[in-house]
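K.L.:
Residues 1 to 333 (full-length UniProt numbering) are what the sequence shown spells out, left to right.
It should be emphasised that the hints constitute simulated quantities derived from the structure, not laboratory data. Possibly wrong hints are sitting among the right ones.
To be verified - Straight-line C-alpha distance at most 30 Å; calculated DSBU-like pairs for lysine-lysine:
no., residue 1, residue 2
1, Lys284, Lys177
2, Lys177, Lys229
3, Lys117, Lys145
4, Lys145, Lys229
5, Lys284, Lys265
6, Lys145, Lys187
7, Lys272, Lys187
8, Lys187, Lys177
9, Lys177, Lys117
10, Lys284, Lys272
11, Lys21, Lys284
12, Lys265, Lys187
13, Lys177, Lys21
As the list claims (entries may be wrong) - The calculated label-pair distances, taken between Cβ atoms and stated as ranges, are:
no., residue 1, residue 2, range
14, Ile232, Gln310, 55 to 63 Å
15, Phe276, Asn49, 53 to 61 Å
16, Pro71, Glu280, 28 to 36 Å
17, Gln29, Asp75, 16 to 24 Å
18, Gln302, Glu64, 14 to 22 Å
This one's a predicted model, so the numbers in the text were calculated from it and none came from an experiment. All C-beta atoms in this analysis are idealised placements derived from N, C-alpha and C, irrespective of residue type, glycine included.
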Amino acid sequence: MNLERVDLNLLIYLDVLLREKNVTRAAEQLGVTQPAMSNILRRLRNLFNDPLLIRSSEGMTPTERALELQPRIRDALSDLSMILEPRTEFRPYTSNRVFRIMTSDYAEATLVPRLIKALRSEAPNVVLDFLTPSDVSYRDMEQGKVDLAINRFNEIPQSFHQVLVWRDSFSCILNNKHPASNNLNLKSYLDAQHIWVSKTGMGVGFGVNPEKQAGLGWIDQALDRIGQKRKISVFTRHYQMPALLAANVDLIATLPSRIARLQAKNSNLMIKDPPFYIPEFELKMAWCPLLHHHPAHRWLRQLILYVARQMIEEEQREYLLNNSNSQPPHAFY
């Protein structure tokens, strides 16, 4: 194919069409009329010799060829953006840039306070706008409305970049006067009443169904694998709630260990290892390919990883100080 005869703007239109899967919405986003967008789709079909989008009962469905093209188009546009963008150095100390970051409640309670502390010295005029998972969709990130996301991801668009921030395990937090405080085994755990806390994923959240144990997350899935089920009295989406609720002598909260250590600074509370195996989970940072090479965004991502590494090293030193005869758990790495 002779590239001189190809309008490369068509790649931008194709990217939006494949993301929206709707001619009208794509036209609105690109600021063209619907007839003009229909004509662009016709030109794209001729260019690739493929229908690309086919009408179905669910709207416009991408063809196999379109699905193959989508990540490659995103990568090509990202590379073009890097080539055409002026090579200006990012100076964090004098920048007043606003970064919009989607963070889970877990990340906001553990990582964000240390990140803000680092920013006060390195970039005092930079503004951080933190959004919750319910505020954000992957489409928002693709459109540049959100700069990055820090969360536990079950699924993520194939074109997105992602990196591991850290791993974490689970711990139980309960009142010192809880009946199981001296002997937390599987039986006493299952006999107790529990607090369920979780909010992950993207988009608006809905109420949980206590009867569908498999849909309640890592802890209940781990119990389900050994044929057990806990009695949940309270469902919450906020990690600051369990410490208040666990102050009741009959409740147990099973939380990520970094959260539990923060909550258990209350002298009335104690931390125990769960009496059954719960797999560790990964906190990750993700961003869309269009921001991958941007100097300001690269700086922010590197700062976040630096802060996370500092926290992990401090946890390792503290653990070794208190447990000189054993190595830190894998979740500290």
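K.L.:
Indicate, hint by hint, whether the structure satisfies it.
P.N.:
Consistency of the hints with the structure:
Of the pairs offered as hints, the one joining Lys284 and Lys177 is violated, with about 36 Å between alpha carbons and a cut-off of 30 Å exceeded. Simply put, Lys177 and Lys229 have alpha-carbon atoms about 24 Å apart, close enough for the 30 Å limit, and the pair holds. The straight-line distance between the Cα atoms of Lys117 and Lys145 is roughly 25 Å, inside the 30 Å bound, and the hint therefore holds. For the suggested pair Lys145 and Lys229, the alpha carbons sit about 41 Å apart, so the restraint of at most 30 Å is broken.
Annotation: proposed proximity of Lys284 to Lys265 holds, straight-line Cα distance about 26 Å (limit 30 Å). Taking the CA atoms of Lys145 and Lys187, the gap is near 48 Å; set against the 30 Å cutoff, the hint is violated. Note on Lys272 and Lys187: the hinted pairing holds, with a Cα-Cα distance of about 15 Å set against a maximum of 30 Å. Restraint check for Lys187 and Lys177: satisfied, since their Cα atoms lie roughly 18 Å apart, inside the 30 Å limit.
Simply put, Lys177 and Lys117 have alpha-carbon atoms about 36 Å apart, too far for the 30 Å limit, and the pair is violated. Restraint check for Lys284 and Lys272: satisfied, since their Cα atoms lie roughly 26 Å apart, inside the 30 Å limit. Distance check on the hinted pair: Lys21 and Lys284 sit about 28 Å apart at the alpha-carbon level, within 30 Å; holds. Taking the CA atoms of Lys265 and Lys187, the gap is near 27 Å; set against the 30 Å cutoff, the hint holds.
Distance check on the hinted pair: Lys177 and Lys21 sit about 57 Å apart at the alpha-carbon level, beyond 30 Å; violated. Between Ile232 and Gln310 the C-beta distance comes to about 36 Å, which lies outside the given range of 55 to 63 Å. Between Phe276 and Asn49, the C-beta spacing of about 56 Å keeps the proposed range 53 to 61 Å intact. Taking the beta carbon of each, Pro71 and Glu280 are about 29 Å apart, inside 28 to 36 Å as hinted.
Between Gln29 and Asp75 the Cβ separation comes to about 20 Å, which falls inside the hinted range of 16 to 24 Å. In this structure, Gln302 and Glu64 break the distance hint of 14 to 22 Å, their C-beta atoms being roughly 38 Å apart.
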